[in-house]
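Chains A and B, in that order, give the protein sequences. Quick note, in the numbering used here, the first sequence goes up one by one and the last residue is 255. Quick note, in the numbering used here, the second sequence goes up one by one and the last residue is 439.
Just so you know, the hints here were simulated from the structure itself, not pulled from any lab data. Quick caveat: nothing in here was measured; it's all calculated off a predicted structure. For glycine and all other residues, C-beta sits at the position ideal for the given N, C-alpha and C. It cannot be assumed that every hint is accurate.
[Stated by the list, open to error] Just so you have them, the derived chain B footprint on chain A, three or more residues with Cβ under 8 angstroms:
1) 71-80
2) 102-112
3) 125-139
4) 177-184
[Said to hold, decoys possible] If you anchor each label on the Cβ, the simulated ranges turn out as follows:
5) B:ARG394 <-> A:ALA142: 45 to 53 angstroms
6) A:ARG21 <-> B:HIS278: 49 to 57 angstroms
7) B:PRO375 <-> A:PRO206: 45 to 53 angstroms
8) A:ALA142 <-> B:VAL5: 28 to 36 angstroms
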Amino acid sequence: MAGQASSAPLRLEELVWRGDRLAAPASPGRPTGFAALDAVLPGGGWPVGALTELLLPHAGVGELSLLLPLLTRIPAGRWGVCIAPPALPYAPALAGAGVPLGRLLVVRAESAAHARWACRQALDSRSCEAIILWLADADMAALRRLQLAAEESATPVILIRPETCAGQPSPAVLRLALAARPGGLQIRLLKRRGPLLAAPVDLDLPWGAPGARPDQPRASQDASTPSPSSVTALHALVRPRPARSGPAGLHAGTR
Amino acid sequence: MARGVAPGIRRASALALAPDLCLREREPALEGTALAEIADWAGAFTSTLSIDPPDTLLLELRASLRLFGGMENLCERLQQGLDALGFNARLAVAPTPLAARWLARLAPGSRIDTPCQLAAALDPLPFSVLADSPADIHDSLDLLAGIGLRQLAEVRRLPRSGLARRKGGAVLDLLDRAYGVRADPRPWHIPPERYQARLPLPVPSTQIDTLLFGLRRLLAGLSGWLDARQAGLEALSLVLEYERNQHHGEARIEIIPGSLSRDMARFQMLAREHLSRHVLPAAVDALRLEADAPRAIAPPRHDLFEGDDGRQGDPDLLLATLRARLGPRAVACLAPCPDHRPERAWRWHDPQVPEPSGTHAGEPQSQPRPLWLLPVPRPIAAPHPDRLLAGPERIESGWWDGEEVRRDYFVARRHDHSLVWIFQERQPPHGWFLHGHFG
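Start from the sequences, fold in the hints, and give me the full structure.
Encoded structure:
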C-alpha cells in the first residue's frame, strides 16, 4: 500500500509532460555525436520516426559535418539515403570521415515531387538507417504526409531546407537553424518538444585533415551548453535578433 | 443464350436470332498455345502432366494430394488458379486418363478415387464418347449404333472376339484403356526453358490500370512456371505491342526485381512504377511476358508462428523500386577513385556490384578535402589574402589525357564564416574559382 502511494506520483510525473521540461519520447533518439547538442534535444539525439528540419542560409554551412556521425553508423544490409542533394557529396572526404559509401544511396530526383516520393519509398521499405532529404519548396500537406510516413517507421528523417522556410509552419518535431561560425556551427533551436531555448548551441565541427581546423579560434573556448532552465535570463544578451522568430515560438510546446 | 442461340446451331440461324452477334473464327493454333500456357502453369501442382489435344490437360495428382491437403482442396485451388488465368475449365478426377477426360466432358465434377468405382461411373456414359479420340473408328461406331446400343456398358457386354473380328479392335482398345485393363502411357509435358506468354487485350487500351490487370493474368501463369521449377527470376521482360496501324511496333520494359525473386506482387508493383513512367505513344493491343534464365531459389519459408514482423525491410527492393521510377542512373552510390584531380577522384558506383576492396578504407586525408564538390568550378573574384586560411596545395596532373589541371588550392573563409575550397589557375589569366564547400 505504502509502495503504491509512493510510486503513484512518480508515474504521474512520467505520464504528464510539463511544458518547462524536455519531452521524453517513446524511443530514444540517435545520438548526434555532439554532446552539447544531444543535451538539448528531447530523446538525446535525432528523433526517430519523425521529421527533423535543418534550415540553412545556403548549402555548405556545415550541415554534412553535423550529420557525418549519423552516416558513419550505417550497418551492413541497411541504407543511408541522400535524396536530391544540391551538389555532389564528395566521396574522398566522406570515405575519409569513415562513411560506408557502399551503403549510402544518392538519389538524384528531377523534381520535388519525385524527391518526396523517393523519401516515402525509403520510409516504407524499413531498410534505411537514416534519410536526408533536400527539399526547397514543399507545402504543409506534403510535409504532413512525410511526417505521417515517418511515424510508421523507426528512421530519422532529416529535412534540409533554406532558411527562408523558417517562417512557414511545419509538422517537423524538431527545427534547427544552422549558421556557420568560426571553428564550427551555431545552431538555434526553433522548435523542439520542450521549453524554448533562447541561446544558440555552438558546436566545434571535426576537421578531416591533420591539424586543427584552420579557422579555429586560438583561445580555447568551451562550447557553451546552456541548461534549459538557465537560459531565459540570458535571453536579451545572447540573442540580439527578435526572440520570437514567428512560428518556432508558436509551435514550440504544442506536442 | 437468352435469345435461343445455342451451341450446334448454324451460323445463319444464330444471326437470325441475334443480328448483333459477333462471330469469331475458331483458331486452333491459339487454342494450342493456351493449352501449353495452362500446362506450364499447372506444373506448380504436379510434375507429371500431359497435354491431350485438342482441349484437355491431364495431371497425375496422386503424389500431390498430401501436399495440397486432399483432393477437394487441390481441385478448388486448380479451379481458382484457372479463374485467375482467365480460363473456364471443367475438372474430373478418375484413375485412368481416358476416363478422366470422358468424365470431364460428360460429367464434370466427378471425383472417382478408386478403380472399383470407375466401372460404375463409366458404364452409363453414351458410347459416342468413343468418337472423342484420334483413332478412326467411325465405321465401328456406326455398326454399334446400328445394332441399337447406347451406353458403354452395353458395348462392354458384347463378346470381345466377335467385336474384334468386325473391325472393332480400336473400340476394345479404347475401352480397355479407359477401364484400366490396359496401361495407357502418355508423353509428359516438359515446361520450356524460356517462358513466353501473350495476352491480347479485348480492346486496345492506353489505360495503365487495364494493362496492369492484364499483366496480373500473365504473372499468374508465370508464377506456376516458376513454382514448377522452384526457380526465381533476376529479370523479366514485359513487351507492349501497340496497335498495328500506328507503326509504333512494340516497347520492351525490363523489370528487374533487384534480387532473385518469384514474388509476383513485387513484379506487379515494379511494373506499375515502370508503366507510370512510360509514355504510351499508341493504344496497346497485346501484352507479352518473356522470361528466361530461371535460377533455383529456396522456397519461401513459412514461419511456425506466423510471426511476420516487418521490422527489417528488403534493401534490394528499395533499390529496385527507386530505379524503376527514377531511372537506373538516378540511384547510385559514391566511391573514391585514385586520381589527384578533384573532379576525377570520385565516381558513381552501382550498389549491387561488390566494391573493390582496399581503396575505400577510411584513412584520414593528408590534405583537407571538402564534403561538397561543385560539379563545375565557379569563377569568383580574387579573395582578400586574409581570408585564405590554409594552402596552397598544388595539384598538377592529367597532362597525358588532355584534361590537364594546374591549380593551387586554398581553404578560404567566407563572410559568414563558412569554409570553402577555392583554387587559382597556375596558367594565365590566373583566375580564381570556387570548387567546394567544407559543409
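(request) With respect to the beta-carbon atoms only, verify the hint that ARG21 (chain A) and HIS278 (chain B) lie 49 to 57 angstroms apart. (result) The hinted range 49 to 57 angstroms holds for ARG21 (chain A) and HIS278 (chain B), with Cβ atoms some 54 angstroms apart.
(message) Assuming the hint says 45 to 53 angstroms, is it satisfied by the Cβ distance from PRO375 (chain B) to PRO206 (chain A) or not?
(response) Since the Cβ atoms of PRO375 (chain B) and PRO206 (chain A) sit about 25 angstroms apart, the hinted range of 45 to 53 angstroms is violated.
(message) Is the coverage entry for the stretch 71-80 of chain A by chain B consistent with the three-residue Cβ rule at 8 angstroms?
(response) holds (count 3)
(request) Report holds or violated for chain B covering the stretch 177-184 of chain A, Cβ cut-off 8 angstroms, minimum 3 residues. (result) Contact hint for the stretch 177-184 of chain A vs chain B: holds, 4 residues under 8 angstroms.
(message) Given a hint of 45 to 53 angstroms, does the C-beta separation of ARG394 (chain B) and ALA142 (chain A) actually sit inside it?
(response) 47 angstroms, holds
(message) Using C-beta distances, would you say chain B covers the stretch 102-112 of chain A, given that this needs three or more residues below 8 angstroms?
(response) holds (count 9)
(message) Using a Cβ cutoff of 8 angstroms, are there at least 3 residues of the stretch 125-139 of chain A near chain B, or does the coverage claim fail?
(response) holds (count 4)
(request) Using the Cβ atoms, figure out if ALA142 (chain A) sits within 28 to 36 angstroms of VAL5 (chain B). (result) The hint (28 to 36 angstroms, Cβ to Cβ) is violated, given that ALA142 (chain A) and VAL5 (chain B) are roughly 57 angstroms apart.
Comparing the model with each numbered hint stated earlier shows that hints 7 and 8 do not hold.
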